[in-house]
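Here the protein sequences line up with chains X, C and G, keeping their order. Sequential numbering of the first sequence, starting at 431, is according to our numbering. Sequential numbering of the second sequence, starting at 586, is according to our numbering. Sequential numbering of the third sequence, starting at 849, is according to our numbering.
Bear in mind the hints are in silico, worked out from the structure with no lab data behind them. From a predicted model like this one, the values you see are computed outputs, not experimental measurements. Where a beta carbon is used, it is the ideal one built from N, C-alpha and C, also for glycine. Be aware that a few hints might be false.
[To be verified] Computed beta-carbon distance windows for the label pairs:
(1) C:673 with X:562: 47 to 53 Å
(2) C:784 with X:625: 27 to 33 Å
(3) G:973 with C:599: 33 to 39 Å
(4) X:528 with C:784: 32 to 38 Å
(5) C:780 with G:1086: 36 to 42 Å
[As the list claims (entries may be wrong)] Residues of chain C clear of chain G, computed beta-carbon distances all greater than 12 Å:
(6) 654
(7) 684
(8) 741
(9) 768
[To be verified] Straight-line Cα separation of at most 30 Å, BS3-like style, residue types lysine-lysine; simulated pairs:
(10) X:462 with G:922
(11) C:593 with C:771
(12) C:792 with C:669
(13) C:669 with C:600
(14) G:1029 with C:771
(15) G:1042 with G:1029
(16) C:792 with X:462
(17) C:614 with C:600
(18) C:792 with C:771
(19) G:969 with G:1046
(20) C:669 with C:614
(21) G:1046 with G:1029
(22) G:922 with C:804
(23) C:804 with C:614
(24) X:462 with G:1029
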Amino acid sequence: MHIPDGYLSPSTCATFYALSAAGWYTSLRRLKRVFATRTIPMVSVFAAFSFIVMMFNVPLPGGTTGHALGVTVAAIVLGPAGSIWAVSIALAIQALLFGDGGITTLGANCFNMAIVGSLVAYGVYQLVATGSDVSSRRRVIAAAIAGYTSINVCALVTAIEFGIQPTFFHDAAGTPLYAPYPLRVAIPAMMIGHLTIAGLAEALVSAGMVSYLQRADINLLRGLGAAPIPTVSSASNAGAASARLWWAVGLLMLGTPLGILAAGTAWGEWSSRDLSARLQQQAASAPGKPANPSTVPVGLQRLASIWTAPFPSYAPPFVRSPLLGYFLSAMFAVGLLVLISLLGMAWGRRA
Amino acid sequence: MQDSYLEKTIRGLSKALSESLFSEQVARKSGLLQSLDPRVRLGGVLLLVVAVVACRRVEIVGASFVLATLLALRSRVCLTILIKHVWLVVLIFTGIIALPAVFITPGKSFIIMRPVPLSISASGLYSAAMLILRVETAATLTATLIFCTPWTHILKALRFLRMPAEIITILTMTHRYIFLLIETAKQMFESRQSRTVGVMPESERRKVVARTAGVLLSKSMELSNEVYLAMLSRGFRGEVRLLSDFRMAGRDYAALSAFIVTASMVVWIGR
Amino acid sequence: MSDHVADAFRLENVSFDYEGIPAICSLSLQIAQGERVALLGPNGSGKSTLLRILDGLYFPTSGSIQFHNSELSKDNLNNQQFCFDFRRRVALVFQNPDVQLFNPSVFDEVAYGPLQLQWTKEEVIRRVEETLAFMSLSHLRDRPPYRLSGGEKKRVALASVLVMDPEVLLLDEPTATLDPKSQSQVVDLIQQWKGSSKTVVTATHQLEIVEDIADRVLVLEAGTITAAGTSSEILSDTELLLRANLAHAHRHSHGGEVHSHPHLHGHTHSHDHTHEE
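Whenever a hint applies, use it, and build me the whole structure from the sequences.
Listed below in C-alpha cells is the structure:
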C-alpha cells in the first residue's frame, strides 16, 4: 500500500499533505497533553516497533504469507494520536532511508495508513470491545475485526486516490498522466489483495498480540493514552482541535462536485454502455481509418462488471440532479468513516 | 519449508541492516552529490522529484530520467547497483501495474492482436510509458540521494528546511532504535528457529510471530521508559537543542541554482 | 570522616514503591563528598532504584533526600536553574549502554548533555573534543552507536557524562557484560578518582573489583542496608556474603567425603610497577 512517486499528481499529493499535516498537528498536541516530556522517547520507540512489525512475514491459511501494518495494536496500546505518529514516522523512515514509498506521496501514505488506519482501528476496536473485561476473549475478537476493517478501509482510500487520477489529470488527448485506472478498475484491483491477504494478516497479528499481552503484560492493553492530564482548558482545546480537523474534511467534501465540472462523463470512467456508444460514434465519424473495436473489448466488459457500486454514476437512484448525487455520495463515504470513528470513541469514553 | 516464514523474516531483517551499511560506503566516496552541502543535496533532489512529478510530457520525463542517471553515475553510484536495486524493482512492480493499461485504455488502435480480442492503443502506450518513466526517474533521484548522504546529514538538512526540532529528534531516535530492535527480533526468531524440530502447524507458526511481536512490544515499552530517564538525567526538559555546523561554499550556491533552473525548465517545458 | 567534609547526599527514612511494590524500605544514608562507595547486592536488591533516587529520577514515596542541603524534590527539579545545576553536578551511567546512546553519532552523543544545558556552541565543541581524546574515542567520533562494541559503548556512555565534569558519579554495574580488557579500563578510571573531590557511588555484584573502586561498602538486601564497612571488612565476612547471595558455596568430594567451601571470586594481589618513559 506504499504509493511510490509518480502515481499521484502534484495537486493530489499537496492535498493529502495538507490533510495529513492537520492530522499530525492535532494528534501531536494531544500527545503532548497526555505524555508531556515523555512524548519523544515514546513515539520514537513505538515508531521503531511499527517499522519492524511491518517486516514480519505472517503465515496465512492456505500457505501464503502476508505483511501486517501493526497500526491496530499501536492504536489499541497508544491510542489514535500516538498511533498516528508512530506509523507516520515509520513510513517517513521507510521513504527517506529505504526508498520504500515516495517522498511526494508521503502525505498520502500517512493519511491512508497512519491517520485513517489508526482512527478506524481504534474506533472499531472500541465499538466491539467496550463493556468487556480487559482479559476477555471479546477483546481478541475486537482486535481481529478492527485490524481487518482498518486495512480494508486503508486500501479503499488508496484505491480512490488512484482511481480519481485519470479523471482529473490527463493531457489534451485524454491520456491519463498518472495512475491510469479509473475507479471502476482501481477499487476492485486493490481490494481483492487486501480483503484476502493483507487484511487477514493484520487481523491475525492484532488478535495474536492482544491475546499474548493479556497473559504477559495486561497493563499495556488498558491503553496508555487513557485520560489527558487535567488542565483548565483541556476540554475546550480538545474540542477546538478536533473541530478544525472536521472542518478540513468538510471542505474537501464540498469540493467533490468539482468533478462534475468536467464535461460529460469523466474520461476513462465509462461504463460498458458509454464506451460502446463512444466507439460506435468514432467508427461512424471516421469510416476510412483503421478499425477501432466497434464494440467494447470483452476483457474490459468482464472487468467492469466485477464491481457494481451501490451508487452507480455517483447518484443514488432517487436523486435527479447529478451534482447533488455526486455530493451525497461523497458525504456518504466520508460519513461512514466518521461514524465508525466517532461511535468508537464515544463508546470508549463511556467505558 | 515449515520455517520459510521465519527464514524470510530473518532475511528481511538482515537485509535492512546491510542495506543501510552499504549506503554508508557510497556516502564516503567522492562524487558529485557527496561534494555538496547536505542541505543543497536534499533541497535540490526534492525540487527535481517534484518537477518530474509535475511534468506532463513524456519526452521531458524521459530527458529527466537521463539526467537523473547521469547524476547518479557522477555520484559514484555504479550502474549495476542502479539496475539491481532501483530500476529492476520499479520495472517489475510498476510494469505489472501499467501493463493492463496498455490494452484497456481506449484510443486509436496501434497494434491489433489477432487471436485475442485485445488491441494496443497509442494512448495506452503513452500512459504506461509516462507512469513507468516517472516512477523510475523519481526512484533514481531518491535512491541516489539516500546512497550518497548519511542519515545524520539528512536529518540536519531537514532541520535547516524548518522541520521542528522535536520531529528531528523523534526521527533520530527512531532510526537508532530500529537497529536495536532489529537485532532483538532477529535473535528471537533465530533462537526459535534453532529450537524448531519438524513441521509446525500453521496456527502455531502464527502464534510464534504474534508472540515475538508481543515480546518486542513489551521490550519497546521498557526501552522507552529507560531512554526517557537517560534523557532527563542529562538535562532534557522538553526542548531539544541540536548542533548545526554546515557552511555553504561557492559551489553549493552554484549547484543550488542549477537545481532550481533544471526543475523550473522541466516543469515549464513539460507543462 | 571529618565533620567538616560536606555531605553530598543525606537520605532520611526514604521509602520508594515501584508500581505498588516496595523497592526501598526506610533507608537512611549519608555519603560524604569525595567518598567512593560501593553498593553491593544481588539483582533485585534495589541498587539501581537507589541510584535513580540519588539522581533525582525517582522521588521517594516517603522520607527525604538532600543533595548538599537542598531537597531533591519534584518541585525543586522543575526549576530550570536548579535542574541544570544538579544535572551538571550529578551524573548517572546506566547499566544498559544502549539506553544511554540515543544520538546518531558518538560526537553527537557526547555533545548532548552540554547542549541541553545550553552551553555555547564553541564551548560544546571544545569540551567534546577534549573528552573524546581523554577517553581515546576520537577515532570513533562519527560512528553510529549500533556499530560500536560493548566496551566502546560503555566508554562512550562514560564520556557522555564526563564531558560535563560532574562532582558525583553514579555507576550502575559499570563492568557488567564487558570483556576483561574493557573491565580493567573502567576500573582504572574509577581508581583515578581516589582522593579527588569526586564522589563515586558504584552499584555492583562483582566482588573482585570492589577493593579497587571503593573505600566504603554498603550491602543492600531487599531495599534495606544490612551491612556497612570498609571493603576489607565486608569482603572477609563470608557468612554475610553468602546470606546476601553475593557468594556461593562449592561442593566437591574427596574420596568418600563431601566438602562445602564458600567460594569467593575476590582475590588480593600486589602490583609491581615499572614505568619506562
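Here is how each hint holds up against the structure:
Separation of residue 673 of chain C from residue 562 of chain X is about 50 Å and conforms to the stated range, judged on CB atoms against 47 to 53 Å. For the pair residue 784 of chain C and residue 625 of chain X, the beta carbons lie near 29 Å from each other, so the given range of 27 to 33 Å is met. With their beta carbons about 37 Å apart, residue 973 of chain G and residue 599 of chain C fall inside the hinted range of 33 to 39 Å. In this structure the supplied range 32 to 38 Å holds for residue 528 of chain X paired with residue 784 of chain C, their Cβ-Cβ distance being about 33 Å.
One distance hint, 36 to 42 Å for the beta-carbon pair residue 780 of chain C and residue 1086 of chain G, holds here, with the actual separation near 40 Å. Listed as outside the interface, residue 654 of chain C is consistent with that label: its C-beta sits roughly 30 Å from the nearest C-beta of chain G, beyond the 12 Å cut-off. Its beta-carbon lying about 41 Å from the closest one in chain G, residue 684 of chain C satisfies the requirement of being farther than 12 Å from that chain. For residue 741 of chain C, the condition that its CB be more than 12 Å from all CB atoms of chain G is violated, with the nearest at approximately 9 Å.
With a minimum CB-CB distance of about 8 Å to chain G, residue 768 of chain C fails to clear the 12 Å threshold, and the non-interface call is violated. Distance restraint check for residue 462 of chain X and residue 922 of chain G: the Cα-Cα separation of roughly 19 Å lies within the 30 Å cut-off, and the hinted pair is therefore satisfied. Pair hint residue 593 of chain C plus residue 771 of chain C holds up; C-alpha atoms about 11 Å apart against a cutoff of 30 Å. A hinted pair counts as satisfied when its Cα atoms are at most 30 Å apart, and residue 792 of chain C with residue 669 of chain C does not qualify at roughly 35 Å.
Restraint check for residue 669 of chain C and residue 600 of chain C: the C-alpha separation of about 14 Å stays at or below 30 Å, so the hint holds. At most 30 Å may separate the alpha-carbon atoms for a hinted pair to count; residue 1029 of chain G and residue 771 of chain C meet this at roughly 28 Å. Restraint check for residue 1042 of chain G and residue 1029 of chain G: the C-alpha separation of about 21 Å stays at or below 30 Å, so the hint holds. For a cut-off of 30 Å, the pair hint linking residue 792 of chain C to residue 462 of chain X is broken: about 35 Å separates their Cα positions.
The suggested pairing of residue 614 of chain C with residue 600 of chain C holds, with an alpha-carbon distance near 22 Å, which does not exceed 30 Å. With a C-alpha separation of about 16 Å, the suggested pairing of residue 792 of chain C with residue 771 of chain C holds against the 30 Å cut-off. As the CA atoms of residue 969 of chain G and residue 1046 of chain G are separated by approximately 27 Å, the hinted pair is consistent with the 30 Å bound. Distance hint between residue 669 of chain C and residue 614 of chain C is fulfilled; the C-alpha atoms sit about 20 Å from each other, no more than 30 Å.
Our distance criterion of 30 Å between C-alpha atoms is met by residue 1046 of chain G and residue 1029 of chain G, whose separation comes to about 24 Å. In summary, the hint linking residue 922 of chain G to residue 804 of chain C is supported, as the alpha carbons are separated by about 27 Å, within the 30 Å threshold. Taking the CA atoms of residue 804 of chain C and residue 614 of chain C, the gap is about 38 Å. The hint is violated against a cut of 30 Å. Among the hinted pairs, residue 462 of chain X with residue 1029 of chain G is inconsistent with the structure: their alpha-carbon atoms are about 44 Å apart, more than 30 Å.
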